[in-house]
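Make a model of the complete structure from these sequences and hints.
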Amino acid sequence: MFLRRAFYLAALTAIKVNPVIKRFYEDHKGRLKGKKLIVACARKLAVITWAVLYYNKPFDASE
Numbered sequence: 037m038f039l040r041r042a043f044y045l046a047a048l049t050a051i052k053v054n055p056v057i058k059r060f061y062e063d064h065k066g067r068l069k070g071k072k073l074i075v076a077c078a079r080k081l082a083v084i085t086w087a088v089l090y091y092n093k094p095f096d097a098s099e
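Numbering-wise, the sequence shown is residues 37 to 99 according to the working numbering.
Hints listed in this document are in silico derivations from the structure and should not be mistaken for laboratory results. Keep in mind the model is a prediction, meaning the values are calculated, not measured. There may be inaccurate statements among the hints.
[To be verified] Straight-line alpha carbon distances no greater than 30 Å define the calculated DSBU-like cross-link-like pairs of lysine-lysine that follow:
hint, residue 1, residue 2
1, K58, K69
2, K58, K93
3, K52, K69
4, K80, K58
5, K80, K69
6, K80, K93
7, K71, K58
8, K52, K65
9, K71, K52
This is the structure:
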């Protein structure tokens, strides 16, 4: 529950400043609404975080 809340709050900020999450948000705005869309962005952010830690490489928005 703690991580879900942390990623949810991080997603709120990432929607405004992270180009990958922002694009994901804009692409899915028509299908999802409200908290479901924010949770989907949080999941996307969690997957990006996992990949950065797993592959031990810095985040690159162009990939």
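Among all the numbered hints in the text so far, which are the ones the structure does not match? none
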